[in-house]
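Respectively, the protein sequence lines represent chains P and D.
Each residue of the first sequence is one higher than the one before, starting from 1 at the first, in the working numbering.
Each residue of the second sequence is one higher than the one before, starting from 1 at the first, in the working numbering.
Just so you know, the hints here were simulated from the structure itself, not pulled from any lab data.
Please read these numbers as outputs of a predicted model, since none were measured by experiment.
Backbone N, C-alpha and C fix where the C-beta goes; we use that ideal spot for every residue, glycine too.
This list has only true hints and no planted wrong ones.
These stretches of chain D come out as covered by chain P in the derived footprint (C-beta under 8 Å, 3 or more residues):
#1 58-72
#2 104-117
#3 133-141
#4 145-151
#5 209-220
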Amino acid sequence: MDAILFFLFAAIAVVSAINVVVQRHPISSALSLVGVMGSLAVLYLLLGAEFIAAAQMIVYAGAIMVLFVFVIMLLNAGAEKSPRKGWILTAVAMPLLVLFLGMVSYIIQRGFPNAPLVVFGQFTGGSPKDVGMALFTRYLLPFEITSVLILIAIIGAVVLARKEME
Amino acid sequence: MLVNFTPPSASEYIRVLPEILLTVGGTILMIAEGLAGERHRRGLAPMALAFLLLALGGAVVAGMDPGPAFNNMLTVDGYATFFRLLVLIVGILSVLISGSYLTRENADSADYYALILFSLCGQSILASANELIMVFIGLEISSIATYVLAGFLRNDKRNNEAAIKYFLLGSFATAFLLYGVGWIYGVTGTTNLQEIHRFLTSSESVYSPLLVSACAAMMFVGFAFKVSAAPFQGWAPDVYQGAPAPVSAFMTAAPKAAAFAVFLRVYSIAFSGLTERWQPILWVSAMATMVIGNFAALRQDNIKRMLAYSSVAHAGYVMVAVVAHSEAGVAAAMFYLASYAFMNLGAFAIVTHYVGKGERYVGIDDMAGYARQQPLIAALFTWFLLSLIGVPLTGGFFGKFYVFKSAIDSNLIWLTVLGLLNSAVAAYYYLRIIVVMYFHEPTNETGAAGPVPAGVRLALIGSAIGVFVLGVMPSAVLEFANRSAMLSR
Numbered sequence: 001m002d003a004i005l006f007f008l009f010a011a012i013a014v015v016s017a018i019n020v021v022v023q024r025h026p027i028s029s030a031l032s033l034v035g036v037m038g039s040l041a042v043l044y045l046l047l048g049a050e051f052i053a054a055a056q057m058i059v060y061a062g063a064i065m066v067l068f069v070f071v072i073m074l075l076n077a078g079a080e081k082s083p084r085k086g087w088i089l090t091a092v093a094m095p096l097l098v099l100f101l102g103m104v105s106y107i108i109q110r111g112f113p114n115a116p117l118v119v120f121g122q123f124t125g126g127s128p129k130d131v132g133m134a135l136f137t138r139y140l141l142p143f144e145i146t147s148v149l150i151l152i153a154i155i156g157a158v159v160l161a162r163k164e165m166e
Numbered sequence: 001m002l003v004n005f006t007p008p009s010a011s012e013y014i015r016v017l018p019e020i021l022l023t024v025g026g027t028i029l030m031i032a033e034g035l036a037g038e039r040h041r042r043g044l045a046p047m048a049l050a051f052l053l054l055a056l057g058g059a060v061v062a063g064m065d066p067g068p069a070f071n072n073m074l075t076v077d078g079y080a081t082f083f084r085l086l087v088l089i090v091g092i093l094s095v096l097i098s099g100s101y102l103t104r105e106n107a108d109s110a111d112y113y114a115l116i117l118f119s120l121c122g123q124s125i126l127a128s129a130n131e132l133i134m135v136f137i138g139l140e141i142s143s144i145a146t147y148v149l150a151g152f153l154r155n156d157k158r159n160n161e162a163a164i165k166y167f168l169l170g171s172f173a174t175a176f177l178l179y180g181v182g183w184i185y186g187v188t189g190t191t192n193l194q195e196i197h198r199f200l201t202s203s204e205s206v207y208s209p210l211l212v213s214a215c216a217a218m219m220f221v222g223f224a225f226k227v228s229a230a231p232f233q234g235w236a237p238d239v240y241q242g243a244p245a246p247v248s249a250f251m252t253a254a255p256k257a258a259a260f261a262v263f264l265r266v267y268s269i270a271f272s273g274l275t276e277r278w279q280p281i282l283w284v285s286a287m288a289t290m291v292i293g294n295f296a297a298l299r300q301d302n303i304k305r306m307l308a309y310s311s312v313a314h315a316g317y318v319m320v321a322v323v324a325h326s327e328a329g330v331a332a333a334m335f336y337l338a339s340y341a342f343m344n345l346g347a348f349a350i351v352t353h354y355v356g357k358g359e360r361y362v363g364i365d366d367m368a369g370y371a372r373q374q375p376l377i378a379a380l381f382t383w384f385l386l387s388l389i390g391v392p393l394t395g396g397f398f399g400k401f402y403v404f405k406s407a408i409d410s411n412l413i414w415l416t417v418l419g420l421l422n423s424a425v426a427a428y429y430y431l432r433i434i435v436v437m438y439f440h441e442p443t444n445e446t447g448a449a450g451p452v453p454a455g456v457r458l459a460l461i462g463s464a465i466g467v468f469v470l471g472v473m474p475s476a477v478l479e480f481a482n483r484s485a486m487l488s489r
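Okay, chain D solo, but in the shape it has when bound:
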């Protein structure tokens, strides 16, 4: 064994550059807080931003020289680079909206930013994982960091509830995933995705398809939990509602995108030979996710809970693209996740600012007359909500368009019809916020949010530009997605 071993080359180290930079950055942040003392906490967010920008550069550099790294544990292809850049951009936007929130709640600390950086490190691993062991470790790094972030304000009961629910249910779901990984190793003798694919499609190998389907089903439990797909979506509303608003913004975008990235990679590489077995199950799950998310969102009066159910519904649309099981489907899912990240972060950025100290104003009715207080911010909120509905000229429109187009190309007519009906239902609850903001009179009870802090403003501009670019010039991003959608088997 020793004879065959060659130490990893320099280019392999470059391929894990974003992970290295994020880990180093998180560690330095914690040490810096200890050295600089309590008074210099304002410098923490800019420092975290600097590390995130460095990692973003690192991801670009890593993406320029694609290939496997560390004995095929990771593979840096266009697909991995796309998701690495996406989660890092989400990280940057989340840090931008976190600074003022943490100051308001008197909870500024380096741990928060370090946890975001480490969580992103796990998601970056997930984006490029080519081995089930890396999938598990990446998922755990990303999840444990988000469990803690969900309960970051320890004096807030809602935070505690969110963290404990997320932690217990999440660990249970990961256990299922791990059990599935163990079985698949027992059947195929490998945890490498390409080798599993080769084993399952080779005519020489002897195995029971039933057993492999059971593995795929157990791994589905783990992945479906992480992307909040039905029937494992129950935690999402409680956790997204209870967690601090900027953390909810982060959780609905980055870990979800990374989990979808690995979900798609595992199912379209390792289990691609068993498509006819898992496709019907995912079909039902996609349908149920859309229906549950949209119809539950109709009845919500809490804006965070409504956005949480909307996040479940959007996971359902991405699931449609997963069910399509084609290159167009993969590209559509990539595009959808990118546009969802921008519009959702934009919406959550405004919510983060609006809820005020102690998250008092979380009711939808609290937004009454907001358009008169802050016309520009209300207009931006309207823009994000229209994108979430899927109105043309926004990123959300093309996201839905490509998803349903890929579904039709794969002959999923009924799923497409159901999806379109669902997006019509969704228009109601998004429009309701717009109506409340523009046509309802403010009362004494409603919140009066002050001027928008610079960080939130920057994040809003960034997200609005993202939604606009994806809505007006989708071809550049879609072309990149199409080129990288061919996952090597």
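So that you can see chain P by itself, here it is in the shape it has in the complex:
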């Protein structure tokens, strides 16, 4: 049962992820991304990381994707035109991509020869309480410093988007 759920949602995640890249229209890409986020949330849940799963749904699939779609519609972005010299890039990139994916899967295969299958409920420690405890004790400094990171991102957006300087 767990394995079936895992493979089902892993497949949905991969297919949606490919779809994000393949789709020509930004809205279709964004909606495929929602599929990736949603199926990832299920995978987290299968691993017992319930808080991360909920955060994934609320923050990524919810808030951030709404923002994405909102911005795309605001900019009125149409379907992208295919670049002229596309086929040369594709001819070079595709074998490289296949090579990279093959290498990664080979390494994972060799690295974890008999990795155990996911078992629902085997991992505990993903509750909001556990996450909060780790975040505010051991990982206190990274947690605080992340606020500087977000502040920088806001300042950067304001700097690049403010009115013309004269």
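On the provided structure of chain P, position chain D as indicated by the hints.
The following block gives chain D in isolation, referenced to the frame of chain P:
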């Protein structure tokens, strides 16, 4: 879990004093601009300088009581203090040369100085990071601030190109780094550098060396991008050429030094057990970085682009010290980065002033006859260029000397030979500027830079003294570097 938790002690807060001061300073700068209004913008640069000096003091105070902080997230040792002081000094020099440039481009604003301060905060974290999570966050703070700084003059197309290239490629490289961090956590169950080292060298732990090598390789992609080492150096010339000149000066010195600091720390602590696997790859990368940087610089007519390729080449020399993988190598890299910061900032300070409004005079030929207009500045420029070549009595000479000495001590004879040949090639393009300045007649087309503003003058004096001290009395700095090169595993 709650039972084991002890709140961070006062001394742990002192160990992150520079970061605290920089963050507070950046925030106050932005608020101050809003309160004081547009007319008081001249006060922004001195204010930023004051905060940087405070942070410099903070770094010294933090360095006096070394130890870990916040559950081993950071470790303040001599090595961290060295790099913290280095990036803060680079920050001070960059702010000094920025004031007149921003006024000339009519772009004075607190955001610029705040971004420099925040970027330095990220680099200060990188210098002391002892945990891959902190490495990632520090790298992102430092990078995002520099992405924005590279595109600070939004009406300039070159700025836009630099920012978008740097941002897209940089994010891609960081993604590789993060993927590597994720895998290493999957293999070892920890992100702490010492614990990774302990896991990888312990005879009891079971893991696949292939998988760990893949982690090291993916993290190499991220770090090599940030230090502009081959084959991930492609962005550097475009970004350093397109960004505003004082920002290029800052980017070639501070983020690069901090990235090397964390690169060295991660590879010599966490991956020290796998040296024979990563050393050949870094060997090739160091060689390629030197060759690409130097030979591409030969063909440049744009002075900023030439200095950008020279910056790639110098990253290659530091990579030689990384490949050496010894305490002497770490010390040599520290010394080299310090001397490079001074000579490069000095050279860029003059370029910042010379290019004029809208960066019109960026050709090397535009410097024709500069020695007659401004003999003193031309002499200083010559001094920095000689140091970049590595002429004795300059900081650059001892930098190269220690790097190649550490390489020979680690039996990297061929790499040393290649490095020495490369530095001979490099002499050509640096000397070319000197020849143009002293022996070419100025034409109507060439720029006529006015008197040098006080800030640039101060920065020039500071950099010249730095190059001189490192070139004549290298022992004091080298001794400190040697003492702090022993990274605790």
